[in-house]
Amino acid sequence: GTESVGAMWLPVEVRERVEAVHSSSALPERLRLYDDWAESYEQVPGRTGEGARTVALSFPSPMTAVSLQNVAALEYRAPHLAAASLAFAFPTPPAEARVLDVACGTGLLSVPSVRLPLLSSQLHRRGFRCLHGVDGSAGMLERAQRTGLYRQLWRCVLGQEALPVPAEHYDAITLVGALGEGQVPSMAVPELLRVTKPGGFLCLTTRSNPSNLRYKAELEAALEKLEKQGAWQKVLAQEVRNWERATSEEESTQGTGYISGVIYIYQKCPVPQLKED
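Quick note: the sequence shown uses this note's numbering, first residue 1, plus one each step.
Some hints here could point you the wrong way.
Listed next, with one range per pair, are the computed distances between beta-carbon atoms [as the list claims (entries may be wrong)]:
1) Cys269 - Trp154: 20 to 28 angstroms
2) Pro164 - Glu96: 17 to 25 angstroms
3) Pro93 - Glu161: 30 to 38 angstroms
Here are the simulated DSS-like pairs of lysine-lysine, each with C-alpha atoms no more than 25 angstroms apart in a straight line [stated by the list, open to error]:
4) Lys216 - Lys234
5) Lys234 - Lys197
6) Lys228 - Lys216
7) Lys228 - Lys197
8) Lys225 - Lys197
Hints are computed from structural coordinates only; laboratory data are not their basis.
Positions of the beta carbon are idealized from the N, C-alpha and C atoms, including for glycine.
Model the full structure from these sequences, guided by the hints.
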């Protein structure tokens, strides 16, 4: 079945999965859902046997483990936009830059036929080759390992425990699709800063739909506080229309059938001074 969203139509399966991810259920139950979903990947339609490919979506992205058609229906743009923004901000060729993908999920392999934009593959396309990942779901990490896109992976529930990596270790941190109500708490942002090198970049995203506005306000207050403290400086804060398809008319932006979202890029201080010629 489908659910009407203004002039658009969204499959009920997608709507239910999105609502489940963003529910306020207890963390152990959410992690169990992610582990279960990691085992139920859908094959690309029309392919069977040895040539079949599996489709996965990044934990805790709301599209995890839905069918290929449903993923395409949701039109999730955050990984593509975030990777492009980070690459634009990066001052040097990124091949040797060490990047930590927080809440990496499965690494989400892209499927060219429907142009699914997964963060790890999008980063690879833009020259980032040294990817590490952390995630709260063991099932998702097992899938991520199989992609071959990550050099190292760890299990970690951000917000409840410290990241299992040294301080000032990464040139860039990404946290895409997991900053939202019922997901990674805004109070966890300083932990991201701890493991970022001085002068390194942090790429974060959140949604601007009505049910996430309270969280977004808390997040932006935390981001602004860190900036006032001199911990980092803002490089980009870009509101994006048509971030992904809405799950209901109430969530839709001005009846468009979509919700909007935001990409934030920050640079950790002290920012290295450019050498004069």
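Return the numbers of the hints above that this structure violates; sort them in rising order. Result: no hint breaks.
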